[in-house]
Structure formats: C-alpha cells, structure tokens
Amino acid sequence: MSEKTMNLTLKVWRQEGPHVKGRFETYAAENISPDMSFLEMLDVVNTRLEQAGEEPIAFDSDCREGICGTCGAVVNGRAHGPLSATTLCQVHMRHFNDGDTIVIEPFRAEAFPIVKDLVVDRSALDRIISAGGYISVRTGEAPEAHAVPVSKRAAEEAMDAAACIGCGACVAACPNASASLFTAAKIIQLAKLPQGNIERRRRAIAMIQQMDKEGFGSCSKHYQCEAACPKGIKVSFITAMKSEYFKALVSKD
Amino acid sequence: MLDAKIPSGPIAEKWSRHKFEIKLVNPANRRKLSVIVVGTGLAGASAAASLSELGYRVKSFCIQDSPRRAHSIAAQGGINAAKNYQNDGDSVYRLFYDTIKGGDFRAREANVYRLAEVSENIIDQCVAQGVPFAREYSGYLSNRSFGGAQVSRTFYARGQTGQQLLLGAYGALMKEVARGNIEMFPRREMLDLVVVNNRAAGIICRNLITGEIERHAADAVVLATGGYGNVFYLSTNAKLSNATAIWRAHRRGAFFANPCFTQIHPTCIPVSGHYQSKLTLMSESLRNDGRIWVSRKKGDTRPPHEIPEEERWYYLEERYPSFGNLVPRDVASRAAKQVCDAGHGVKGGHAVYLDFRDAIRRHGRETIEEKYGNLFEMYERITGEDPYQTPMRIYPAVHYTMGGLWVDYNLMSTIPGLYVIGEANFSDHGANRLGASALMQGLADGYFILPVTIGDFFAGSGPAGIAADDAAFDDVEREVRDRITRLVECHGRRTVDEFHRELGLLLWDHCGMARNRQGLEKALRRIPEIREEYWKNVNVVGSPGTFNQVLERAGRVADYLEFAELMCLDALHREESCGGHFREEHQTEDGEAKRDDDRFCYVAAWEFTDVGAAPTLHKEALEFHEITPAQRSYK
Chain A
457 MSEKTMNLTL KVWRQEGPHV KGRFETYAAE NISPDMSFLE MLDVVNTRLE QAGEEPIAFD
517 SDCREGICGT CGAVVNGRAH GPLSATTLCQ VHMRHFNDGD TIVIEPFRAE AFPIVKDLVV
577 DRSALDRIIS AGGYISVRTG EAPEAHAVPV SKRAAEEAMD AAACIGCGAC VAACPNASAS
637 LFTAAKIIQL AKLPQGNIER RRRAIAMIQQ MDKEGFGSCS KHYQCEAACP KGIKVSFITA
697 MKSEYFKALV SKD
Chain B
5 MLDAKIPSGP IAEKWSRHKF EIKLVNPANR RKLSVIVVGT GLAGASAAAS LSELGYRVKS
65 FCIQDSPRRA HSIAAQGGIN AAKNYQNDGD SVYRLFYDTI KGGDFRAREA NVYRLAEVSE
125 NIIDQCVAQG VPFAREYSGY LSNRSFGGAQ VSRTFYARGQ TGQQLLLGAY GALMKEVARG
185 NIEMFPRREM LDLVVVNNRA AGIICRNLIT GEIERHAADA VVLATGGYGN VFYLSTNAKL
245 SNATAIWRAH RRGAFFANPC FTQIHPTCIP VSGHYQSKLT LMSESLRNDG RIWVSRKKGD
305 TRPPHEIPEE ERWYYLEERY PSFGNLVPRD VASRAAKQVC DAGHGVKGGH AVYLDFRDAI
365 RRHGRETIEE KYGNLFEMYE RITGEDPYQT PMRIYPAVHY TMGGLWVDYN LMSTIPGLYV
425 IGEANFSDHG ANRLGASALM QGLADGYFIL PVTIGDFFAG SGPAGIAADD AAFDDVEREV
485 RDRITRLVEC HGRRTVDEFH RELGLLLWDH CGMARNRQGL EKALRRIPEI REEYWKNVNV
545 VGSPGTFNQV LERAGRVADY LEFAELMCLD ALHREESCGG HFREEHQTED GEAKRDDDRF
605 CYVAAWEFTD VGAAPTLHKE ALEFHEITPA QRSYK
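As you go down the protein sequences, you meet chains A and B in turn.
Its first residue numbered 457, the first sequence is counted upward by one per residue in my numbering.
Its first residue numbered 5, the second sequence is counted upward by one per residue in my numbering.
Bound conformation, chain B alone (with noise of 0.2 Å):
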C-alpha cells in the first residue's frame, strides 16, 4: 500500500496544520537551491515565479517558442472558485463534494478539498494581476454555470479564460526572469530525468533548434507537462503536447497512476475527413444556452431545420431532468455515443445537435453573441457552417488525462525530489474531471501548493550535491543519443505519423469512451506489434544535429507506443465502471456506470518494469470519511 502521507486532523484544517508543520528553509538557504520546472502552462509558469519569488533559483523549460503560448491557453470557458458571489448556496465545501462526486469517487479527499479552499485565492491573485476577467455593470465579478454544479461559480473572461490565466502567470514569470531569477530556457524538449542515489538530480533535453543534447542539474525537478491526450492522436491538445517527459520519469522510477482515466470531451467538432491532424472543442459553456438533440428517427437525413419539434429528441433533457444538458462531461459523451450508435445521429453518422435556437429566441442574438461570439466564429471558420443559422454539429473528443504521474499530498512522486503538477498528475479529478477544474488545478498546484510543500523536501534532505558532469548525466545522456540514432537510422518505409494514427484508431476503438475486455486484450496484443515494427520499419528524415520537427515526432510516438500498453492494461484490470472508464461489462440497467466500491476503491500505480513486460501494481486505498460513496445521479 502506498503511504499518501495525508496529515491528520479534520478534513477542514488538514492544509493549515500541514503548512505549521511541515519544517521551513530560510531565505538564504532557499539562495543555494536549485529548481527545473519543465512546462509553463499554467501550473509550470505559476510555480516558476511563485519558487522564484520565495529565493529558489530556477530553472524553466518549455518546448514551444515562448513560455507564453503552453496548451493551457486554449482553455475557453473558465475557472471554477468557491466564492459564493451569487449567493446561491456555494461553499468550500459544495465545490469539494462537486469536485469529489463528479470524479465518482476515485480522488483523494484531502487534495479535493485543499484544491477547493485555495479555490478563492487564486481569483484574488489572477484579479490582482489584471486578469480581464467579465464583470457586471457593479463592477464586480460575473458567473457562469458549468457541467456537474447547481450553482454558479464560474469566473470568465469571454472564450479565452485560459489565454488570460496564462498570461497572468506568463507576467509573473517573465517578471521573475527580467529579475534575473530565473533562467528560461524556450525550445527545449525533456528527454529523460536523472536519478543518483534515488534522488531526482536533473534533466536530459533536446535544444529543438540546435539538435544538441544539454544537461540541467538541480536540487528538485518538477514535472508539469500536462498531459497524454494524444496518444490517441486526434485530440484537443495541442500538436506539441506530449507524455515523453512523464513516461521518462516513470521509466525512471515514477509510479503512474490510473492511466486509464481519461476524459472524452463531449463538445467538439466532429472528424471531418482522413486528414485532420486535431480537434476543435467548443466550450463546455455553450451548454449553457445550447440544446442538445438528435432526431428521434434513425438515420434521418432531413436538414436540422426540416425536423419539426416533436420529432426532436432532448435525449439529456429527458434522461437527466435535474441537470439537462449541464450533466458532467463523462455522462453527456456517452449518451452522444449511445444515441449515434442507435442511428440517431446527425444523418445516421457521429453527430448530434447543439442548438442555440431557442436562447436566440429568448434573449436575442445579440446576448448570445456577446457571449459565444468568438467560438461561433471559431465553428464557422472551421465547418463553414453559421451557428447563429443552422445548430452546431458536435461530437465527443479526447481532451484530458486525469491519470498522471502518482504523488503524494506534498506532490511528490515516487522518486524523492521529483514534483509533478498540473494536468501532468494524477491527483485530484478522480476518473472525471468536472469543467473549469483544469484551470483551478493548475494554478493551485503551482501558486499555492508546491512552494510550500517543496520546503519540506529541502529542509529534509538538502541539496542534491549533483553537479551536471557526474557520471549518472554521463549515463543517461548516452541512452538519449543512442535512442535518436537508432530512430534517424532506421530508414523504414512508413512516416511517424502513419504510425501515431493507427495506434491512435485503435485506442479510440478499444479504450475509449467505452471498453471492454474483448476489445482491450486485442488492443493488447496488437499494440507491442505496432510497436516492434514501428522501430523496424519508421522514416525519419533529416539529421539530429539541426531542428527537425519529424525527429521529435518520432521519439514522442515511440513513448506513445509503451505508455499505450499500460494505459490499456490499467483498464483491463479495472472491472468496474467509473466516470470515463466505461466498462460494458460493468453498467446499470439504464446503461449507467457501475462502480465496485468493494474491490476498486483504490488507486492503481503502476511500477515499470521493462518494455512489454508487466509492471508492479501499487495500490493506494481511497478513504472516504467526508463523503459516503454513492452512485453517481444526475437525474
């Protein structure tokens, strides 16, 4: 059993009697160490400057061409904080049970309701810098209404919430590195963590436009990377987001924990031919105005407006009268999936209807815009199609992960020094992360929690002593190059890309929205097939010594092709349904998921081993004292 090290006390002041407890470095100490923290999204960008500010001196990588562009931008519709402006019955303690029910019992309860008391704070501090976030004509804060909550708690900043997140925390690390503080290396991609004497000691990473290999040692290394969406190759994430640097680190010693657990969005544009190389979200706020139907006759092929009302099917207003078309992410998509799968998709295919047809008629066109003008715009640029005219065609998309690399309460993994932060662990979303949580997450993780905790670990332990020309940098650097060579020299007839999307297909066939046995074993054995041939037969064109975009593809699919394994193995192994992880085997007669509280109430970690063989299962047991676990209704 693992040991989350969750302090005593009641679940109200477990995090203030952690923060007396735990021991303190004093400033001048906090001069002599040295931090990696690699991503500045927006749980990479606020830890930077939050350490940077305590005296820490830091060391920040990201992989695009500016700290300022990480995937946490693309966020549109908000973030979650348990302030209780709209006076409607929110507290601390409504968001820790939403966050905890919406995750169906699979998180830990006192990070769940750490996330949620720092909730306010984070408003505080993004407001204090200049965060344009929506107001009234007060000239206080608005709120909206997400997936999974009765209450309005939402903080907005029209469709770009995450953009203006980011560029607050982008500030404060670029104020941070104009002190001189922190030293930012952009275009560099992680290719492996180093461990001496089970202590993380540092990183391996590629200078995208050089091609050369570096070295960065430190005192404590911080993953946050986000996280392994695109492994299924058609996602929401963005092109460049990857899970090299998590599996590195768990091919390192990192246990990872329910990578089975992801999250498929369900409002995205719908894959429209062989080509697509991502997919579009739109936001989980449109569900707010927009309806949700499909015709009730199968295979219909009239256009939407040739369907007369009665003939509408409202299938989550019908199913789910409470909640309507706000119920949580992983319940909207499988119903979408369930009714296309009936034939009642938008033409017999895989689309259903959100439509705005009603709110324009309700509040005008003009409140609507004001509200949704740039993601209309953003389905019109993208389908060609006017939202405002003819209702949006969605369908469920690959979007989070909240699987990740296990940490403790502190963020530790499993290799003493190494954090992990962000969408890039596993901790607090359960098997489904509720809307405008990622945001919250994020900024908790990096402004709040890991200054604070990472103390611990340095008044404990100290500096690592490790200097970047020790022979373990020697070691893991020469596995790097040898695995680059052997990838450039394999000169195989298939592209990097041919390969991610076929692993990707059969992903989404057979670990994806829902899954079972049959299915997973198949993907199972085909997956170390994929991947023996992949190394046999990959082109990977141009020279390692120069910036070559096809190289760093090639190696993030040759980690996809590992990391695959074990996120189909996760889901074998867990016979029961919960949130995303739909398992067919495991439903209630009206086709909800079906937990099994008595023999998967726990999280999986899992060890590795070597390639292709089977890892170590860890178990952390969940404990529920707050909240007694119940299934999940939002009807």
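Isolated chain A (complex conformation) (with noise of 0.2 Å):
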C-alpha cells in the first residue's frame, strides 16, 4: 500500500441518451490513491460531481471481482484498460502516473447502442446464447452424473471456453465489431462435451445466424478481440466454430 496520491485528467464520453449527440468532457480526479480499482476512481470524480449538483457519470457495474461481466469501458483506447486479461473493475491506479490524461469511451459497436455516457445495450449478446447456446435438457431428465464420464482434457477444454464473462469486450475491440469470440466460445465449449454433442450441428447455425441477424461484423482475423478478453479466450475457438459451422451446413441432422 503506498500513501503518495496522483492527480489525473479524464476525457470521458458523455452522451444523455442513444439518440442525442454525445461530446467528451474534461474532469479532474484529483487525490487518487494507487490502491484504488479504476471504478472506485470513477466513484470519487462522481461524488464530487453529485456535490456539485451536477449528474455524476453513468457507468455499468456490479461484482467489481471479474466475474459478472458487467463493467467496461474503453480506456485510452483499450477495452477494459491497460491490463492484458482484466476486467475494468480490476485494473487499479497504481497502473498510471500521475499527471495522466485518460481517455474513457464507452464499448462502441452498431450492435451495442448507448443508453447514457459509458452504459451500452448488449442485450444482442443474450440473443445469440437464445438462440441454441444450451443443451436443451429439461429439469428432471438428467441421468445420473457419473453415467457419461467426460475426458478430464475435454472437461479442461470446455471450461477454457466457458470462462466467457459476456462482458462484449472482444465486440469494441474488433475493428469489424464481430462477435466471434463470444459466440465461439458457447458453441465450442458444448461441442467439447459428450452432452452438447447431438445438437451441436443446429446450435452453431442458430447462433451464427442470430449473431449476423444482430448487426455484428466477421471476423477478419485482427486477433484484437483476444488480446481484449479479459479471460484470454484464445481466437483458436473462432477457428473452431468455422469448422463447426461447416460440418454442420453438409450434415444432414
């Protein structure tokens, strides 16, 4: 823990709603401890803004441990931050210096309209998993757990996939606004599991449908969104679902 505070200047996106022009503004963060998380940072310039009787910054957040996926933001000019592989909530001041200018937009993609300042609508993302990204099983049909032994390996491989947060951070770091990255991740995390298996020719054209249906862009292969994950999902599991997608268009189930 140090006891040296910084003073830093934010250029923050401020826009009142997704259908009124939005502008940046300049704030002063002034007194931040290093120990601080980059939310808290944000929680302090609000304060003060809310003292002064003016609106405080609007900003997605919940868990502030990396998990839930709900906060995001694109600081100067990276999705969730400097860190590689870390949320928004988990990247703390000591990362910057003092005198820093930071630069804070919203993740901006068609697909994700804004609803106020840093605040998008992602609710695409919810559409593409309703799409098929799940086993179709019904409560109470589910055969004893050890009935289908899974391979430790695909167990591994799944989870890797499965570790998605939903957070849409690889959508704003992707030049063409592709959601690849999340869709591949439900679709190859199935298709690893013995489980996923019989529907895994339909779940991958549902969802690669519903994703085009919803406005995101292709992949070209930047590999900007895995650099941008904050739980390193690897670009191979975009590979993946390709050649799910095209196993699944010659299948005839």
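Just to be clear, a hint being listed does not mean it is correct.
[Claimed, not checked] Label pairs and their calculated CB-CB ranges:
{"no.": "1", "chain 1": "A", "residue 1": "Glu-600", "chain 2": "B", "residue 2": "Ala-634", "range": "34 to 44 Å"}
{"no.": "2", "chain 1": "B", "residue 1": "His-278", "chain 2": "A", "residue 2": "Gly-555", "range": "17 to 27 Å"}
{"no.": "3", "chain 1": "A", "residue 1": "Ala-683", "chain 2": "B", "residue 2": "Thr-550", "range": "30 to 40 Å"}
{"no.": "4", "chain 1": "B", "residue 1": "Ala-475", "chain 2": "A", "residue 2": "Pro-474", "range": "46 to 56 Å"}
{"no.": "5", "chain 1": "B", "residue 1": "Glu-310", "chain 2": "A", "residue 2": "Gly-533", "range": "37 to 47 Å"}
The set of hints was computed from the structure by calculation and includes no laboratory data.
Note that the coordinates shown come from a computational prediction; the quantities given were computed from them, not determined experimentally.
Glycine included, C-beta positions come from ideal geometry on N, C-alpha and C.
Quick one: dock chain against chain with the hints and give me the complex.
Right, dumping it as structure tokens:
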C-alpha cells in the first residue's frame, strides 16, 4: 500500500441517451490513491460531481471482482484498459502515473446502442445465446452424473471456453465489431462435451445466424478480441467454430 | 406460533410423501396460470426455467442488463452434494447432520433433510446442462473439502463454480425465452408488491433505462432477490444486490425471519482505504491448503518472512485440532477478530495471514497454481502482492445473510401466493451457513422444490383474477411515485453514499461479528436519527424519468435505513449466541458461542407495523427429532 496520491485528467464520453449527440467532457480526478480500483476512481469523481449538483458519469458495474461481465469501457483506446486479461473493475490506479490524461469511452458497436454515457445495451448477446447456446435438457431429465464420463482434457477445454463473462470487450476491440469470439466460446464449450453433441450442428447454425442478424461484423482475423478478452479466451475457438459451422451445413442432422 | 406445514412421517420420507399428497395442476390449466419471478440468480433462473417447462407462463425480472450477471455468478469455491463419490462415509444423512450442526441448531430439520436429499439431483442436472465441473483422469468428477465437514463432497469448476452453475441455469432460462414461454425483463427493479384480498397479485417496478414505472400482474409472485448484506455498505455482495424487494414485501405483510443472522466470511481482502466500494472474497477452498497464522508477538511490524516459525501462531490449528483451518465460517471469523483485537494482527492491524508456503513446498507451485491460480491472480491484481511469495492478508467481511423472509415448508411466505427462494428466504442455514451450500440451496429451491409446491397453491386457490389496471395497482403505484418524488425533491447536502457508509459502519461496529446490549441499543438510537436526516438532507441529482443511478441507490438506502432497525432489534432480542450471532454476554469460558435452547430454540419472524414502530414477534418453534442439539464442537 502506498501513501502517495495522484492527480489525473479524465476525458469522458458523455451522452444523455441513444439518440442524442455525445461529446467528450474533461474532469479532474484529484488525490487518487494508487490502491483504488479504476471504478473507485470514477466513484470519487462522481461523488464530487454529485456534491456540485451535476449529473455523475453513468457507468455499469456490479460484482467488481471481474466475474459478472457488467463493467467495461474503452480506456485510452483499449477495451477494459491497460492490463491484459483483466476487467476494468480489477484495474488499479497503481498502473497510472501522476499527471496522466485518461480517455474513457463506451464499448462502441452498431449492435451495442448507447444507453447513457458509458452504458451500452448488450442484449444482442443474450439473443445469440437464446438462439441455441444451451443443451435442451429439462429439469428432471438428467441421468446420474457419472453415467457419462467426460475426459479431463475435454472438461478442461470446455472450461477454458466457458470462462467467457459476456462483457462484450471482444466486440468493442474488433475493427469489424464482430461477436465471433463470444459466440465461438459457447459453441465450442458445448461441442467439447458429450452432453452437447446431439445439438451441436443445429446450435452452430442457429447461433451464427443470430449473430449476423444482430448486426455484428464478421471475423477477418485481426485477433484484437483475444488481446482485449479479460478471460484470455483464445481465437483458436473461432477457427473451431468455423469448422463446426461448415460441418453443420453439410450434415443432414 | 407459526405453522411451517411440515409433512408428517419419518424424516427420510417426508418429501416424497409430500410430493404425492399435494395437489397437482393439469398441464392444460398450467398454461392459464402466470408467475412472476424476480431475480435471475441460481434460484430465480432455475425456478423460471423449470416453471416454464411445466407450462406456466413466466415473467422473469432482473436488475442487471442481462440475467447472466446475477450475483450467484461470483461464488467461487463449489457446491455440496451427498454423492459419496469419494467413499469417505458421506450420505444424505451426513450432509443433513453437518448442515444442522453447522447452522448451530437454528434451522428447520425437515427443510434441511430435503435439501440434502435433492443435492444429488442438482449435480446430475448441471452435468447434463454442460457445466464443466473439474474431473479426474478417469473422466469422473473431482471433489474437494469445505469448512464444517470431514468429507469431500464439494463439486467445483476451477474457482468459478457459481459462474458455471449460473450459466447453466441461464441457458435453461434462455431456452424457455426462445420457446416464447418466458418473457424477460432486464434492467427492472422491483419497488413494491401488490397484494389484493390477502394474496400476492403482482409487482410495481421501475424500468431502469427509461425511468418508467411499470405494473405487472400474475397469479403468483416468486422473490429470488438475494440477501441484504449490502446494508453494511461494505460487503462481498455485488453493487446492485439490495434488500428493497424483500423489504417492500415485508412491509406488505410478509414476516421477516431471523434478520440478525448474517454471515461474516473469514477470508476476504482487508479494507485498504476510505474510498473502498466493496470487499472481495477469497474462496474458502483456499483453507484446504492455506494455513492461517499471526505473530505471537503483539504489534509485530516485521514482514512475514522475517517472523520465525516458532513465533508464528497457527491459532486455528492450535485451538481446533480436529478441524484446524477448516472450521466453519463463523468460528474462523470470530477467531480472527479475537487475535486482531488482542493486537496480534498483521502489523497490529486488522488482518491475518493465509499462507501457502507449506502447500507449495509439499505439492509444488504447479499444483497450487492449477487449483487456485485464478484466485491468486485476483489477489495480486487487487493488492499488488504476489501470494506465491508472500502470504495473503485476509480479514472477515460481510458475505451472506441466513435471515430472510419467513417461508413454510412449501417456500411460501405469510402472504399467500408470494414465494421466496434462495438467499432471500431464511430457511435452511440456521444461524450459520456452511461453505458451498448456498449454491446447493438456490438450485434445490429453483429446480426441484418450488416448481412442485407452487402447484399445490394453484390447485387450491386457482388464478388470482386481478389485472394490472385494478385499483389496488393504482394505489401502490401512487405510493411508489410519491416516494421517488420525495427523494428527488429533497435537494439536501449529503450524497446517498455518505449516508450509506455511515449506516454501514454503525452496523459493522454494533451488529457485526460481535454484538452486545449496549452497542445494539446505541445503534437503535442512532438509526432513526440517520433516517430522519436522510429524508431531509439527501441529495439526489438528475430526474426520475431517465436512467438515474443516484436515484436507484437512494431508494435502496432509504429501505436499508428501515431494515437496519429490525436487524438490530432482532439481535438485541436474541439473548444467546448462536452461529454468526455472537452476543458477548453469552459465551462459554473458552469464548465459544453459548446457545440458550430453553429460551431461544425458535425462529423469530417479525411482522411489520410501521416505520419506527415496534414490530410484532411471531415464533416458529424448532423441534429436533433427529439430531439432539448440543454445543457445537470443532475441537
């Protein structure tokens, strides 16, 4: 823990609503402790705005421990800020220097309309899942858990993909605003497991069609998604997803 | 005396017998019945999906922007189930026994037995959904140990078990959304319950994007809105977790049970500054391999590696040789407080060490990394210290609330047609919850219990027959609007968070890990004063008809300022120590919790009268036919 505090300049995107023109506003963030999280730094700025009777900067956050996927903003041009494999709520101010200017923008994508300031509407991701991102088992139908063994390797690989928190940073980072990494993570998680095998063809087609329908771009291998992903989801899942998709197109299932 | 409607018969047969005896609704009639489910955590999402599969029409509400983000997602360590895959002597009965004992004999036997019974189905269901639980090379499931148990019955998915179980339930929910049978309402906050002719008829909620006040009518309402830990301001709960839904339901007639039973989790990252917005938990699973210690020397300012072995005090291992570092949470938290209060904490402050040195020596860094890598990373990100090199600093923090709305065996509150599931109810954990049991209870309630028991209510009572344009909705909506107007027109000088912090600190000091009459009385004098000032001096900027996060928080804090009084009052009335409720006046010679079964072997269920007025106490007697209450010993 350090005692020294910093003074920073923030340039923050402010936008009252989805159909209003937005702009950058400049704020001073003073006496910021290096042990604060990035969001706590914004809390401090917001408290001062509230005390001055001004509207605070709207931003989403919930768990503040990097797992719920609620928070996120583009900080100095990087989704979730300067650290790799880290959500914005887990970035601490010790990674900035006294006197820095920090530019903060929302996750921008056509499929993510702005709600207010840094808050965006990511419901398109829910609709992709709704198209088939599950195994259609009803409550009560399940066989005994050990009836179908799953190799440790398959379980580990499925878990690597399942770690996705659905924050949308991959979309914000992609020059095409593609949701391929998000979609691939779910398709591959379920394809790796024997339980997900029956529906794998149908699932791949339905989810990819929904992704296109939502207005996300397609993947042209910039790999910015992997660099921005707070959970380190690998682009190799996108390659695997494409293979799933083509197999599905020619299959008779 | 409250009647919990516990079925007759031997404990092992109660649930199956009940399932047979309760009335059913035929599939054609289910289609005509609608259910509102508020909250999409493990309990809410699993209930909404399962009810929809049965044919009920479901409206599902969540406060987050997506149902996948509910706070169950943050549970790290695991979920218990009595599978006995390890052949180490586990059974339904043992899980039942451990949970009753862990809860310090303040939970209802019949509910807990049922929970242990359905625990096995939960694992089956989750595996079938594609939850990637940890596995052995054989392809079978792995287990680990958690506090309060001597068997390994905890299933896990790395340090993200809650996330994986929730994504399974969310998948089931979205499957039903796709089928058109669940209507999903994200970014909605329930602000009140509508009760007509002594039956839940719907809810009033605020659309958090537009600020519009909405009415939703249904034939039954299910609250799955989680616990009230954020009343303390600092807790491990997510920022959006709040008590408004259950508090508003309480004001409309639902009894609130055991509000003073709060769980302080022993292993959290200590507070680092006044700006702190929340606390982060380090999973209990770390206590499988980490050793907890402090310096034997008071006020020792040496860095940990300079403190020689003989001067390290492994106080849990010394005091509780048979459970060691794996004593239940309440015991571990209290012990940490005691050694820190006595001056043994890290640098004389409020932290103890959780040390992996020996585990790394024994198993190698790679094994430890595989088991806990993500937790170690999280710790390093927050503190800037590397736990592979230097022991973690931890301290207890508010984590879970065992108290909640009172429900009967069918999970119905004292308002007919209002069901309460998951952490929002009081039912299964008594005065202390065991680790990895919250996930189990949420999914048990949502997948396997509520979908069955709600049918009994519908079969007996039929549809509510109240539409959203009924006069009752007019009245409640008007009250909700008036309250919002009062908040935004206050134009005071203090921010919402300032009030919340003040209340939180007061509760932490007087209704936290240790309580006494003097402190509780002080809190009970102070809370009404803060509340009065709040309504005169709070500053809520922005307008109500838009996305307004200050207004959202303002409403929640207004409710905490009412609820906090009930919590302290309950703590004052319970003149005994049990589980997480430790009254300093009632302890054994060696500082353990001392129950008073003659006077307090009951559930305290409070009925609302008015703000600031004394609530009415109703009691549900707790009867122990299977397990004889004894002083809990983990020595």
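Numbers of unmet hints, in rising order: 4
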